[in-house]
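Make the full structure from the sequences, and use the hints.
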Amino acid sequence: MTTATGRHIPDRLTSPASRALKSWEALLLIVAIAIFIVNSMASPYFLDPWNLSDASFNFTEKAMIAFAMAMLVISGEIDLSVGSIMALTSTVMGAAMTAGAGTPTLVALGLGTGLLCGAFNGLLVARFGLPSIVVTIGTMSLFRGISYIVLGDGAYTGYPAGFAWFGQGYVWWVITVELVIFALAALAFGILLHRTNFGRMVYAIGNNATAARFSGIRVDRIRFILFLLTGLMSGIAAICLTSRLGSTRPSIASGFELEVVTIVVLGGVSILGGSGSIIGVVLAALVMGLVTFGLGLLNVPGIVMSIIVGALLIAVIALPRLWSMLSRK
Amino acid sequence: MSILKSREAILALAILALLAVIASRFPAFVSPANLARVLTDTSPLILLALGQMAVILTKCIDLSVAANLALCGMIAALMNGAGVPLPMILLAVVLLGAMLGAVNGLLVWKLGIPSIVVTLGTMTIYRGTIFLLTNGAWINAHQMSAGFKDFPRTVIAGLPVMTWIALAIIGLVAILMGRTPLGRAFYAVGGNAHAAVYTGISVGRTQFAAFVLAGALAGLTGYLWVARYAVAYVDIAGGFELDVVAACVIGGIAIAGGSGSVAGCVMGALFLGIIKNALPVVGISPFWQMAISGAAILIAIAFNATSQRAPGRIILKQAEHRT
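Taken in sequence, the protein lines are chains X and H. So the first sequence is numbered by the working numbering: it starts at 99 and just counts up by one. So the second sequence is numbered by the working numbering: it starts at 1085 and just counts up by one.
No lab work stands behind these hints, which were simulated from the structure alone. Please read all numbers here as calculations on a predicted model, not as lab measurements. Honestly, I wouldn't trust all of these hints.
Covered stretches of chain H, as calculated for chain X (at least 3 residues, CB under 8 Å) [to be verified]:
id	stretch
1	1118–1129
2	1200–1213
3	1329–1338
Note that CB positions come from ideal geometry on N, CA and C, so glycine has one too.
See below:
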């Protein structure tokens, strides 16, 4: 019945349990645990709770954006301007701070700027039907460019003491504020993507936007909202990063887009749209955080880590494809 | 075809208008000698944009060109330090650039990974490799031989060698695009991949060829860049890939593939080059450059989209009337 070219039809469906075990997320979990064990053996400083808490900064800010980016990628779009949105948001907050704004105003401005930038991207993509890759390459240049116009080679420093809470504060023991924001964002986006109509519509658009349109989904409106969410999360990440660094330079958060996209892809989200899960993104963020922290303990310089991130991005997509090519032969 | 022609005419008019505005305040800017300087200064952008054009025509994008340029430039400087003669260096950088492009091309062709993901990854890998090679050290002017530095700047018939190289490559790419099967294949693959397959064109192989071309040009530009500015380090041409994409988009190369011309591409690069050179003359901080090219990209794609949007077929005519 099954010839060399025909599709193999199984006698029965695989059980949900074995499917879950073979899933990408299970693999990620195993990888995360393996890295955890290797790291704790490689360095005596790894298992210290305070060190681990410090290390969480490696991924919390990027992961916040990655949740929104995952939904955007699932819907078949991409936003390469997230790092630049952060730079512009940070610059706006810096300018307001110099004008004497307090912490609540700074946070409001941060969220507002992120939303505005997201709305701008969303308007160009959803309203005017322009391809998101080029639009966000353009805004990547534009948003950071505005920061350069405002700041030049200068910097904003001297944020108010209360503002430091977001990036440097602790909620309880070693649990940082950023870690809590990360967990809340994971929960919120998990529910939004997996438990609401909105989430189902995002998958539908990613699988076939035309079919989604004909089944009554307001495709453009949802795309717009997704860009808005990505802008908002970039704004929140910018608040955290600015508060943690305590200063703003126009080069702040450069290269974030690469790491955010890597986390999303590593998390098993199909770059072509239509599939992926938030739990995968959470695990991918943990893996990335653990890898960079472990390498940091081994004194590997940042640029070498970026090679590893780049290679990881390609390998994660290439290996499954190589595997299926080889197994087909 | 008439739309294509008019788009290039509009771009040419925009460049002339830009020059006129600058000339009204600073007549010296449009003197032939200064325009030649602008052309020379824009040569690297033109070279990379031509390679990027081939890639974009096939519906891909190459974000690794600037990193490729930086890596090849560094290798050229290292080879020069080891006493390798200049012709060998030139050959080596072109081959190395082509190889780096081939890596992108193979991943896109054989594994079918979206080009944006591949080149986002190789961008950091190539740039990181420079760090691995040099440990972050700079190679400065005094560590380079005079012949190595002077070659791009040698003036022949009024223009430096670098400009002549750019002009020659423009000519070669124009012939490649218009007069060879490969050039037409670039357009065919991007215009309609299915139709291309039925006419016997391998889509993947054509995309691979485009990446190799873009890589080879980036490698060559790497040497020219390092020799002209007489310095090589990890971050040279950082973010330049955005300018390259901007030049293509402004030049009317459709990001959806299959349409665009060499003339448009070169004019797109010149448009950015003129702005970049005019900013200090007009007294605007060079920090404006980045935002201006971003705005130029957005205006250009909005403009291109309105002139080439395919009208959707109305299936439910009655429903359409009612709304």
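Hints, one by one, checked against the model:
Judged by the Cβ-Cβ criterion of 8 Å, the stretch 1118–1129 of chain H is not covered by chain X as claimed, because only 0 of its residues qualify and three are needed. Beta-carbon proximity to chain X at under 8 Å applies to 12 residues in the stretch 1200–1213 of chain H; the threshold of 3 is reached and the given coverage holds. Under a criterion of three residues with beta carbons nearer than 8 Å to beta carbons of chain X, the stated coverage of the stretch 1329–1338 of chain H is upheld, 3 such residues being counted.
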